[in-house]
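Spelled out from the first residue to the last, the chains are:
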Amino acid sequence: MIPAVEFQSVSRHFGATRAVDAVDLTIAEGAFFAMLGPSGSGKTTCLRLISGFEQPTSGTIRIFGADVSNTAPHLRHVNTVFQDYALFPHMTVRDNVAYGLMVKGMGRAQRYAKAEEMLALVHLDSYGNRKPAQLSGGQRQRVALARALVNEPRVLLLDEPLGALDLKLREAMQDELKSLQRRLGITFVFVTHDQSEALSMADSLAVFNDGRIAQIGTPAEIYAHPKTRFVADFVGSSNLLPPALTQSLGGPARWSSLRPEALHPSGTGPITGTVTALRYLGSGNRVTLTTQGQTIAALLPATDAPEIGSTLTLTFAPTALHVMDEA
Amino acid sequence: MRSDASFPLKAAAFAGLAFLHLPILLIFLYAFTTEDRSFAFPPPGLTLKWFAVAWNRPDIWPPLLLSLKVATLSTAMALILGTLVSAAMSRTRFFGRDQLSLLIILPLALPGVITGISLRSAFATLDIPYSTLTIILGHATFCIVIVYNNAVARFRRLSGGILEASADLGANSFQTFRHILLPNLASALLAGGMLAFALSFDEVIVTTFTAGQQATLPIWMLEELVRPRQRPVTNVVAMVVFLATFFPILAAYYLTRGGGETAGGGK
Chain A
1 MIPAVEFQSV SRHFGATRAV DAVDLTIAEG AFFAMLGPSG SGKTTCLRLI
51 SGFEQPTSGT IRIFGADVSN TAPHLRHVNT VFQDYALFPH MTVRDNVAYG
101 LMVKGMGRAQ RYAKAEEMLA LVHLDSYGNR KPAQLSGGQR QRVALARALV
151 NEPRVLLLDE PLGALDLKLR EAMQDELKSL QRRLGITFVF VTHDQSEALS
201 MADSLAVFND GRIAQIGTPA EIYAHPKTRF VADFVGSSNL LPPALTQSLG
251 GPARWSSLRP EALHPSGTGP ITGTVTALRY LGSGNRVTLT TQGQTIAALL
301 PATDAPEIGS TLTLTFAPTA LHVMDEA
Chain B
328 MRSDASFPLK AAAFAGLAFL HLPILLIFLY AFTTEDRSFA FPPPGLTLKW
378 FAVAWNRPDI WPPLLLSLKV ATLSTAMALI LGTLVSAAMS RTRFFGRDQL
428 SLLIILPLAL PGVITGISLR SAFATLDIPY STLTIILGHA TFCIVIVYNN
478 AVARFRRLSG GILEASADLG ANSFQTFRHI LLPNLASALL AGGMLAFALS
528 FDEVIVTTFT AGQQATLPIW MLEELVRPRQ RPVTNVVAMV VFLATFFPIL
578 AAYYLTRGGG ETAGGGK
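Chains A and B, in that order, are what the protein sequence lines are.
Take the first sequence: its position 84, counting from 1, is numbered 84 in the numbering used here, and each next residue is one higher.
Residues are numbered in the numbering used here as their position in the second sequence, beginning at 1, plus a constant of 327.
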């Protein structure tokens, strides 16, 4: 099968800055793909390379097999939902959505009919006559979505699509985007710095660091088997154990990661330390303890609330200690 | 919220307004006086005859038409060049950009005498005869700045994303310009254009240096003051000039209200 998007050692340098550095990437057709990373890690530049607003300094970008490395944005079958939505302020919602069809020369009646169809898809049926300024943030987001989808793109790009929404709305939109993608079968590529968003929405993701992809895989793979310290630390929360500590816990002399939820109180357990902090999270307690000069966090049931200063002994299943490739 | 200014502050404000606007009211008053040699106050009587006299004086029309022509053409030139410069300046970031933007605004801040004398020597060096064209070029130097200032403020407020969004949705650059950029710039350009027109219409200093034998309306008025003949006619013309420049400025103010961007109204 031809992949929807393919990067072959793509680089984009801005002067001396290597925003994207020799990235290889394959996104399968119909995937919900996330590009995750801190700001400045190159994920947004990668998205702009796909949409055509950036040209690679070197390397090849293919969309459904066709080399588009130097193709102008308006000639790619790719549409973007922008971070600030970028709705046209002087047009009604209907004209915004119909814009892509208008510039292709479709007649007014036909394009308005299609625009209404798209507005219905995002549950904004009766909002066609409003101006963007009269909509809430969540509604603008939906208009931006409808405006991009009306062109029937083969790949839809979303730049931090939920960043500007409040928590409740964000969770609702996550479910909605997911079901929309499943129904339409279009390849979605979205950029986010929010690891929980990436884990819950994507069926495949790439973690970016310093212009390179640190790891690529399914959310479960990346969460359970982070390849580098950076990935372990950035995706979820993790205890990063230096080689000496790993060795004392029965592992090889390499860095390892231990998820806080994998730790349980026990009488014997290999980890013994002094409790230095305790945070009540509602669903449980997050306990911090110090052992061998190292701070370790553990997620305990809400009923388990050790005193600060007391000694706590913890154990874990042998498979929970994940040894990383990095020495 | 109602702000309550203290009495001295209010008095000072009124005094300032009076200082600025009473002379203009005097011009209006003397347009109706019956006495045509010296400006005696109060006027011995009021009449409308100077309007008829002004209408029938053949020497008023050529300067008026020349002023309209110069203002129209220099504004048109400024609209094109000013918009292009502002588009370039707001789209890219490069070394020395701030210094360059200062250079663009400089003609407005520069005393008219300097602009005038430098243009005059430039025209002389290039062997360009002083004509309507040289007046238009002279006025365009500051008209461009006014259009630039208005357009650049609008560009700054315009989310750069909408131009990208347009391209992303399949529009070529001309379609983006026609459907997205122009509608969003229109009111700023109209405001800038009107201000530029008004400033060009009553410009004296640069015109004096760049005009040949022709006289624009303000220059004609200056000459009239030296030759005291039918003095109130000058006042009638002054009133017309005032109204012709006041309304564009007022319209420009209302068009760009809320943006705080009616920049450069003070040549």
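Source of the hints: derived by calculation from the structure; they are not laboratory data.
A few of these clues could be false.
What the hints assert, rightly or not - Ranges between beta-carbon positions, derived for each pair:
id, chain 1, residue 1, chain 2, residue 2, range
1, B, 332, A, 117, 53 to 59 Å
2, A, 104, B, 486, 53 to 59 Å
3, B, 428, A, 281, 51 to 57 Å
4, B, 452, A, 17, 55 to 61 Å
5, A, 185, B, 483, 50 to 56 Å
6, A, 136, B, 428, 54 to 60 Å
7, B, 421, A, 164, 44 to 50 Å
8, A, 169, B, 399, 51 to 57 Å
9, B, 399, A, 185, 54 to 60 Å
Unchecked claim - Simulated coverage check for chain B against chain A, where a stretch passes if three residues somewhere in it have a Cβ under 8 Å from a Cβ of chain A:
id, segment
10, 478-491
11, 494-508
Every residue gets a Cβ at the ideal spot worked out from N, C-alpha and C, and that includes glycine.
Tested hints:
1. For the hinted restraint 53 to 59 Å between residue 332 (chain B) and residue 117 (chain A), the CB-CB distance of approximately 58 Å keeps it satisfied.
2. For residue 104 (chain A) and residue 486 (chain B), the Cβ-Cβ distance of about 24 Å falls outside the hinted range of 53 to 59 Å, so the restraint is violated.
3. A hinted range of 51 to 57 Å for the beta carbons of residue 428 (chain B) and residue 281 (chain A) is consistent with their spacing of about 53 Å.
4. Hint check: residue 452 (chain B) to residue 17 (chain A), Cβ distance near 47 Å, so the stated range 55 to 61 Å is violated.
5. Taken as a hint, the range 50 to 56 Å is violated for the pair residue 185 (chain A) and residue 483 (chain B), whose Cβ atoms sit roughly 41 Å apart.
6. Checked against the given bound of 54 to 60 Å, the beta carbons of residue 136 (chain A) and residue 428 (chain B), roughly 37 Å apart, lie outside it.
7. At roughly 30 Å, the beta carbons of residue 421 (chain B) and residue 164 (chain A) sit outside the given window of 44 to 50 Å.
8. For the hinted restraint 51 to 57 Å between residue 169 (chain A) and residue 399 (chain B), the CB-CB distance of approximately 53 Å keeps it satisfied.
9. At about 58 Å, the beta-carbon gap between residue 399 (chain B) and residue 185 (chain A) stays in the expected band of 54 to 60 Å.
10. Judged by the Cβ-Cβ criterion of 8 Å, the segment 478-491 of chain B is covered by chain A as claimed, because 4 of its residues qualify and three suffice.
11. With 9 residues bearing a CB less than 8 Å from a CB of chain A, the segment 494-508 of chain B meets the requirement of three and the coverage assertion stands.
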